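Start from the sequences, fold in the hints, and give me the full structure.
Letter by letter, the chains look like this.
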Amino acid sequence: MQRRKLAESIIYCLLFLCGSLSIFVTTGIVIALGIEALGFFEHVSLWEFLFDTEWTPLFSIKRFGIAPLVAGTLLTSAIALIIALPLGLLVAVYLGEFASEPLRRVLRPILELLAGIPTIVYGYFALLFVTPLLQTLFPELPGFNALSPGLVMGFMILPMVASLSEDALYSVPQGLKEAAYAMGCTRLQMVFKVLIPSALGGITAAFILAMSRAVGETMIVAIAAGQQPNLTLDPTSPVETMTAYIVQISLGDTPHGTLEYRTIFAVGLMLFLITLLLNSVSFMIRNRYRNA
Amino acid sequence: MSAEPAFQIKTDMNTSFRAADNAEPTAAVEPKIKVENLNFFYGNHQALYNISLNLLPQRVTALIGPSGCGKSTFLRTLNRMNDIIPGVRLNGEIRIDGNDIYAPNTDVVTLRKEVGMVFQKSNPFPKTIFENIAFGPRVYGLKDRTKLEEIVEKSLVRADLWKEVKDRLHTSALDLSGGQQQRLCIARALAVDPEILLMDEPASALDPRSTAKIEDLIGELRSHYTIVIVTHNMQQAARVSDYTAFFYEGSLVEFGDTREIFTKPRERQTEDYITGRFG
Ligand SMILES: Nc1ncnc2c1ncn2[C@@H]1O[C@H](COP(=O)(O)OP(=O)(O)OP(=O)(O)O)[C@@H](O)[C@H]1O
Ligand SMILES: [Mg+2]
Chain Y
1 MQRRKLAESI IYCLLFLCGS LSIFVTTGIV IALGIEALGF FEHVSLWEFL
51 FDTEWTPLFS IKRFGIAPLV AGTLLTSAIA LIIALPLGLL VAVYLGEFAS
101 EPLRRVLRPI LELLAGIPTI VYGYFALLFV TPLLQTLFPE LPGFNALSPG
151 LVMGFMILPM VASLSEDALY SVPQGLKEAA YAMGCTRLQM VFKVLIPSAL
201 GGITAAFILA MSRAVGETMI VAIAAGQQPN LTLDPTSPVE TMTAYIVQIS
251 LGDTPHGTLE YRTIFAVGLM LFLITLLLNS VSFMIRNRYR NA
Chain Z
1 MSAEPAFQIK TDMNTSFRAA DNAEPTAAVE PKIKVENLNF FYGNHQALYN
51 ISLNLLPQRV TALIGPSGCG KSTFLRTLNR MNDIIPGVRL NGEIRIDGND
101 IYAPNTDVVT LRKEVGMVFQ KSNPFPKTIF ENIAFGPRVY GLKDRTKLEE
151 IVEKSLVRAD LWKEVKDRLH TSALDLSGGQ QQRLCIARAL AVDPEILLMD
201 EPASALDPRS TAKIEDLIGE LRSHYTIVIV THNMQQAARV SDYTAFFYEG
251 SLVEFGDTRE IFTKPRERQT EDYITGRFG
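Just so you know, the protein sequences line up as chains Y and Z, in that order.
Numbered according to the numbering used here, the first sequence spans residues 1 to 292.
Numbered according to the numbering used here, the second sequence spans residues 1 to 279.
Treat the hints with care, since some could be wrong.
Quick list of in silico lysine-lysine cross-link-like pairs, DSBU-like style, CA-CA up to 30 Å [unchecked claim]: (1) Y:LYS193 with Z:LYS264; (2) Z:LYS166 with Y:LYS193; (3) Z:LYS264 with Z:LYS121; (4) Z:LYS121 with Y:LYS193.
Simulated DEER-style distance windows between Cβ atoms [unchecked claim]: (5) Y:GLU112 with Z:ASN105: 55 to 65 Å; (6) Z:ASP144 with Y:GLY34: 54 to 64 Å; (7) Y:LEU276 with Z:HIS232: 48 to 58 Å; (8) Z:SER204 with Y:GLU97: 54 to 64 Å; (9) Y:LEU107 with Z:ASP144: 38 to 48 Å; (10) Y:LEU103 with Z:LYS143: 32 to 42 Å; (11) Z:ALA212 with Y:GLY19: 43 to 53 Å; (12) Y:ASN279 with Z:ASP144: 36 to 46 Å; (13) Z:THR110 with Y:GLY19: 32 to 42 Å; (14) Y:PRO102 with Z:SER67: 28 to 38 Å; (15) Z:ASP83 with Y:LEU107: 23 to 33 Å; (16) Z:ASP107 with Y:GLU112: 50 to 60 Å; (17) Y:THR275 with Z:ARG209: 34 to 44 Å.
Hints are computed from structural coordinates only; laboratory data are not their basis.
Remember, it's a predicted structure, so these values are computed and weren't measured experimentally.
For each residue, glycine too, the CB sits at the ideal point set by N, CA and C.
Below, the structure is given as structure tokens:
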């Protein structure tokens, strides 16, 4: 009796430590980011950071407006999501409701394979294959552009959207589908009038996680989008994303401790806040629908 | 609008339960559903053996029998719900109003409009009460808002739920009690004005009061529909049905007038089952 109690409290302590570890690590990251970013904001006003239209920390005339980086991120993410969200959902519906069992057994592993390819491979695929391909269609397209990495990133995120959406669709009770059929629905009507609306919470959460994945994606855009901060929403122009900028500085020869070096923490903090916001919204939506 | 007559709900609701019992000799009535030599297979497993029976309009037929004997399977052959299960096979014939419902040119969607179904576990859509009832008419292409409102009210009145929900039509159906949800599902099925109503243990998950409500409702609906109900509750079968079919291991053992089945069954197995002397 005594023994069991002891064992139980040890296990309890271990679990508690594991749980708190992740919280410590997260807090640590936030603090490290915050301190360095504070150093940056001692020299650059928050106003300039948020509202200046140029980002030229490495030039002789330094401007610190993050807008071009945010625009680059939004542009490539939007292109990726236009591909990944509808296609991902369609793939999920197809796998869950239309594909025969043998086909499903082939398609699922292929999707997982797609999800497991390192992003640097996708990056060079965008630069060396997709961009030239697009250039045969649009000869004006520059070698670095937002379109090609955006598209490739869409296909990289697609498996994640598909598998999360499939989980959401799968959790719709069989009884609802039967009710739809019994009311005379065709299979397509069942999918669009009952299945997808009933799984909307899970699907939305999947979509938002996909957004935060797109915003955080680094390698593909660093390689294929060009590293030129342009305040534009034109998909054919070269752009730089927040992540790509961080890579550029981290790999470059900018000396530690300088203002130029500290910019990456300010940009990193911004990135952290955006993804935190997206993930929290996703979390809230999932909770809301679970209780409904 | 060509679809209009299809959505009219029959209005003579005052014909009371079992009033017609002695009025018309059953032999003269043309059966609504004729089943002949029906065999049904889940893959290699045969679930129904050579079932033949006729179901009369404006009568309630109860399907009874031990668990796994094929009651649900049989019920679901009548609106082809088994079609959505992969690997099923069937031979024999089922005619509704004389039409072979498994003929290649049968439109399953039209069939399911004629043959409504209520399930054991109530399954309202996660939508508002109004949207649940309007669902079927919308699937069949009705868009007119006033017509939809009319149908929603009539269906809810007929399912004896209107008084309880008329002030909350646009709130979630999931907030209703279990018994209310089941009556909502009945109303949803009635909204497309079917002629046949299939019910698979519609009250088995409900408390006695809600069960009594559903039974009363079946009594009221009886004069307008051909009702087939699966039940494990012998008293319920005796209370609500005109005819009873006893299934055992996929075969139809006995089929006849409910009073006779319960008072002087012809088969030994039937007697054992209804007296509870049986696993
Ligand atoms: N989807 C299915 N796939 C394979 N076999 C099935 C399936 N559904 C039912 N069966 C089998 O068919 C037989 C009849 O099942 P059915 O559900 O019709 O019985 P039931 O009389 O409704 O039983 P219960 O009273 O428990 O609901 C059983 O042996 C069952 O195991
Ligand atoms: Mg059953």
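message: Between the alpha carbons of LYS166 (chain Z) and LYS193 (chain Y), is the straight-line distance 30 Å or under?
response: holds, 24 Å
task: Check the following: the C-beta atoms of LEU107 (chain Y) and ASP144 (chain Z) are separated by a distance inside 38 to 48 Å.
output: holds, 43 Å
field: Pairwise hint evaluation, LYS121 (chain Z) against LYS264 (chain Z), where the allowed Cα distance is 30 Å at most
entry: violated, 33 Å
- request: Just tell me: holds or violated, for the beta carbon distance of THR275 (chain Y) and ARG209 (chain Z) against 34 to 44 Å?
  value: About 52 Å separates the Cβ atoms of THR275 (chain Y) and ARG209 (chain Z), which means 34 to 44 Å is violated.
query: Holds or violated: LYS121 (chain Z) with LYS193 (chain Y), Cα cutoff 30 Å?
result: holds, 20 Å
task: Using the Cβ atoms, figure out if SER204 (chain Z) sits within 54 to 64 Å of GLU97 (chain Y).
output: violated, 29 Å
task: Mind checking the hinted window 32 to 42 Å against the Cβ distance between THR110 (chain Z) and GLY19 (chain Y)?
output: With a Cβ separation near 58 Å, THR110 (chain Z) and GLY19 (chain Y) fall outside 32 to 42 Å, so the hint is violated.
message: Please check whether ASN279 (chain Y) and ASP144 (chain Z) have a Cβ separation lying inside 36 to 46 Å.
response: Hint holds: Cβ distance 44 Å, inside 36 to 46 Å.
message: Quick check on a hinted range of 48 to 58 Å for LEU276 (chain Y) and HIS232 (chain Z), using CB atoms only.
response: Given a distance of about 54 Å, which is inside 48 to 58 Å, the answer is holds.
task: Take the C-beta atom of GLU112 (chain Y) and the C-beta atom of ASN105 (chain Z), compute their distance, and say whether it sits inside 55 to 65 Å.
output: violated, 43 Å
message: Check whether the Cα positions of LYS193 (chain Y) and LYS264 (chain Z) lie no farther apart than 30 Å.
response: violated, 49 Å
query: So does LEU103 (chain Y) sit 32 to 42 Å from LYS143 (chain Z), Cβ to Cβ?
result: This hint holds: roughly 37 Å between Cβ atoms.
Of the numbered hints listed earlier, those contradicted by the structure are 1, 3, 5, 8, 13, 16, 17.
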